[in-house]
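Let the hints inform the model, and build the full structure from the sequences given.
Number of protein chains: 2
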Amino acid sequence: MRIAIDAMGGDRAPAEIVEGAVAAARDFRVAVSLVGDKDTLSKYLQGIEGGVPDSVTVHHASQVVDMGEAPALAMRKKRDSSVVVATRLHAEGHADAVLSAGNTGAASAAAILALRPIAGVDRPGIATVFPTQKSPLVLMDAGANVDCRPRHLSEFAIMGAAYARAIHGVIPGEKSGVAAGQVPSVGLLSIGEEEGKGNELVKTTYKLLHEGAGSGFYSYFGNVEGRDIAFGTVDVVVCDGFVGNVVLKTAEGFAKMFTSSLKEAFLGDLRSKIGAMLLKPALQKFRSKIDYAEYGGAVLLGVNGVCIICHGSSDRRSIYSAIRIAKQTVESDVTGMIRGAIAQVRAANEASDAALGTGDSSGSGTDSTPSSGA
Amino acid sequence: MRIAIDAMGGDRAPAEIVEGAVAAARDFRVAVSLVGDKDTLSKYLQGIEGGVPDSVTVHHASQVVDMGEAPALAMRKKRDSSVVVATRLHAEGHADAVLSAGNTGAASAAAILALRPIAGVDRPGIATVFPTQKSPLVLMDAGANVDCRPRHLSEFAIMGAAYARAIHGVIPGEKSGVAAGQVPSVGLLSIGEEEGKGNELVKTTYKLLHEGAGSGFYSYFGNVEGRDIAFGTVDVVVCDGFVGNVVLKTAEGFAKMFTSSLKEAFLGDLRSKIGAMLLKPALQKFRSKIDYAEYGGAVLLGVNGVCIICHGSSDRRSIYSAIRIAKQTVESDVTGMIRGAIAQVRAANEASDAALGTGDSSGSGTDSTPSSGA
Numbered sequence: 001m002r003i004a005i006d007a008m009g010g011d012r013a014p015a016e017i018v019e020g021a022v023a024a025a026r027d028f029r030v031a032v033s034l035v036g037d038k039d040t041l042s043k044y045l046q047g048i049e050g051g052v053p054d055s056v057t058v059h060h061a062s063q064v065v066d067m068g069e070a071p072a073l074a075m076r077k078k079r080d081s082s083v084v085v086a087t088r089l090h091a092e093g094h095a096d097a098v099l100s101a102g103n104t105g106a107a108s109a110a111a112i113l114a115l116r117p118i119a120g121v122d123r124p125g126i127a128t129v130f131p132t133q134k135s136p137l138v139l140m141d142a143g144a145n146v147d148c149r150p151r152h153l154s155e156f157a158i159m160g161a162a163y164a165r166a167i168h169g170v171i172p173g174e175k176s177g178v179a180a181g182q183v184p185s186v187g188l189l190s191i192g193e194e195e196g197k198g199n200e201l202v203k204t205t206y207k208l209l210h211e212g213a214g215s216g217f218y219s220y221f222g223n224v225e226g227r228d229i230a231f232g233t234v235d236v237v238v239c240d241g242f243v244g245n246v247v248l249k250t251a252e253g254f255a256k257m258f259t260s261s262l263k264e265a266f267l268g269d270l271r272s273k274i275g276a277m278l279l280k281p282a283l284q285k286f287r288s289k290i291d292y293a294e295y296g297g298a299v300l301l302g303v304n305g306v307c308i309i310c311h312g313s314s315d316r317r318s319i320y321s322a323i324r325i326a327k328q329t330v331e332s333d334v335t336g337m338i339r340g341a342i343a344q345v346r347a348a349n350e351a352s353d354a355a356l357g358t359g360d361s362s363g364s365g366t367d368s369t370p371s372s373g374a
Numbered sequence: 001m002r003i004a005i006d007a008m009g010g011d012r013a014p015a016e017i018v019e020g021a022v023a024a025a026r027d028f029r030v031a032v033s034l035v036g037d038k039d040t041l042s043k044y045l046q047g048i049e050g051g052v053p054d055s056v057t058v059h060h061a062s063q064v065v066d067m068g069e070a071p072a073l074a075m076r077k078k079r080d081s082s083v084v085v086a087t088r089l090h091a092e093g094h095a096d097a098v099l100s101a102g103n104t105g106a107a108s109a110a111a112i113l114a115l116r117p118i119a120g121v122d123r124p125g126i127a128t129v130f131p132t133q134k135s136p137l138v139l140m141d142a143g144a145n146v147d148c149r150p151r152h153l154s155e156f157a158i159m160g161a162a163y164a165r166a167i168h169g170v171i172p173g174e175k176s177g178v179a180a181g182q183v184p185s186v187g188l189l190s191i192g193e194e195e196g197k198g199n200e201l202v203k204t205t206y207k208l209l210h211e212g213a214g215s216g217f218y219s220y221f222g223n224v225e226g227r228d229i230a231f232g233t234v235d236v237v238v239c240d241g242f243v244g245n246v247v248l249k250t251a252e253g254f255a256k257m258f259t260s261s262l263k264e265a266f267l268g269d270l271r272s273k274i275g276a277m278l279l280k281p282a283l284q285k286f287r288s289k290i291d292y293a294e295y296g297g298a299v300l301l302g303v304n305g306v307c308i309i310c311h312g313s314s315d316r317r318s319i320y321s322a323i324r325i326a327k328q329t330v331e332s333d334v335t336g337m338i339r340g341a342i343a344q345v346r347a348a349n350e351a352s353d354a355a356l357g358t359g360d361s362s363g364s365g366t367d368s369t370p371s372s373g374a
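Protein chains in written order, with the numbering used here: chain Y, 1 to 374; chain A, 1 to 374.
Please note: incorrect hints may appear among the correct ones.
Same chains, same names: a pair is fine if it fits in one copy or spans any two.
Unchecked claim - Okay, derived cross-link-like pairs now, DSBU-like style, lysine-lysine, Cα gap no bigger than 35 angstroms in a straight line:
# : residue 1 : residue 2
1 : 207       : 77
2 : 327       : 285
3 : 207       : 256
4 : 134       : 207
5 : 43        : 327
6 : 203       : 77
7 : 263       : 273
Calculated from the structure, these hints are not laboratory results.
Here it is as structure tokens:
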């Protein structure tokens, strides 16, 4: 298996990207194509202690998309950028997945352009994994589609459920809640548990998800609230990309606040310092759980391929961990599962439409451009 | 000053409500009217250790609105419910504020019906206070209005800014960021800092908030992201009630997860237990900060009065703390400040409309019923 990596994307590129990729290539037995300026990358590779495995190669790209750049414009003007070239390597079959810690909008746009949406998917979306009190939870969409219609959320439910099956063990020390043969549970993010609570989008989506559960790809829990994310009430939470992105970043912010307040408390006086020293081993598990938001990768679901999107601030540890997720996503054939599920649901809908003599009144057909990159 | 309290509302009513109210009456020198079933409440009061101050009285109400009850229906059918009677006491001038830990939708509806919206306010909304790395932050709307228009968010900015001035010292051990004479900063919750990032509502609101800052009631920071809430980047964050409620409950869920994971780590083995014991004093401050979400009260801003809405799970400590917030909100005349600010902004808008020869094209005028209670 080979992973194409946008080695120039992210706040700490290329140094941390290269370090993380080389470590992952060693430990996970994956081949890695580092995409970016050949001279720069070769220089970084030469500096790596313990040498670089043969499975790590460099693929030249002359341009870089900046973090603040408008994705649509970047796609037109920077066809030889590291993110576009890395995605193309995957699309042309030279790699099994692509990974970027650069501009999220650009990485999504490149994937949608080069890999194309899966037939029947209107809106590819970003799925992200949260640590919870129980097992990891998939939230979708985490920011690819800021204004959604009910049918988009219904696609997210099917795609998120497929991904939930694939993330077994992605959080160190934790098992996934969805074992082989189990059906993932899906919750609709709202502001009250009862049907009828929520905004217009949620109210209309409620019924659609209920019907969608008839496909057998997920069981429908109904509405969930914000606190159910940390509690791990369900395996998958669906929401529009605006709400999902706000939730992701809110949780990230509070995780940072908690750990920094804790650190402060630990360094207060001698007594506290000794206490903290004694607690160190016990706190390791706690920390690795809380830290997850920072070192996990998100995945763009709904395209013909595997596209992993990392946080802009990713360090070597994040990249290392994200490559592991990329490998698991390829191996568990999430893309194939989504393709099959979407085709089956589509066929069932068409059959029922034909039986009722009605057509698809929701209009537009395929509309695959994310309305904004977060 | 007298506070009318819905003594029958909340998961732990009336016992915890009565206990918290009596303690607050003792410590804060406020008079308290406990509203609910006279016999039940008298029995609880008799059981209180150390006796009950004369400033605590009981006001009979024969009905109770249940937590799951539809607010609109409850307003029609339960005119003698504790929440309606308590609100009426305030509206008729027998109390300076009203407080409920019961059904949020019912408490909001009762306040809007009995107190009426302030002239010029289309949508009263719920403001809630978050602990941050810096000073406490006001988020509005936390759930009263699930589907909002830009002008509603622009009202939230003015109202939230007025409240930010009033909450000095509400989080134990913390100063508020907005001292007398300072202008609160307002951020618009979105998924990217740049203007143009966000959903349709946010994009249109951006300009409106910028113009609104001309009033001098707040300074406009621009877009903020979810993580800026915990970081305390601004004094006030505005968003629609759906997003605000999801954010509030997400933060609440993660706070619970963090503290329970921490507790688990502390009770691991003997070594950890000793460490935890040594750290206990240092962790007190950390805990009181994290716990805040549970014991703080939210306030419904934009009505002619002070209406404090507490979490359904409120215990005596939460009620005690919420009564302190009620007192501060009355003393700092938040309602008067909002009334003045809204009138001034309205007059300025009318003057500029007259000068331009245009009318208000946003339509509808006053529409004060919250679209759903969270």
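The hints, checked one at a time:
no. : hint      : result
1   : 207 - 77  : between (43 angstroms within a copy, 30 angstroms between copies)
2   : 327 - 285 : within (24 angstroms within a copy, 43 angstroms between copies)
3   : 207 - 256 : between (37 angstroms within a copy, 31 angstroms between copies)
4   : 134 - 207 : within (27 angstroms within a copy, 43 angstroms between copies)
5   : 43 - 327  : within (27 angstroms within a copy, 65 angstroms between copies)
6   : 203 - 77  : between (41 angstroms within a copy, 26 angstroms between copies)
7   : 263 - 273 : both (10 angstroms within a copy, 18 angstroms between copies)
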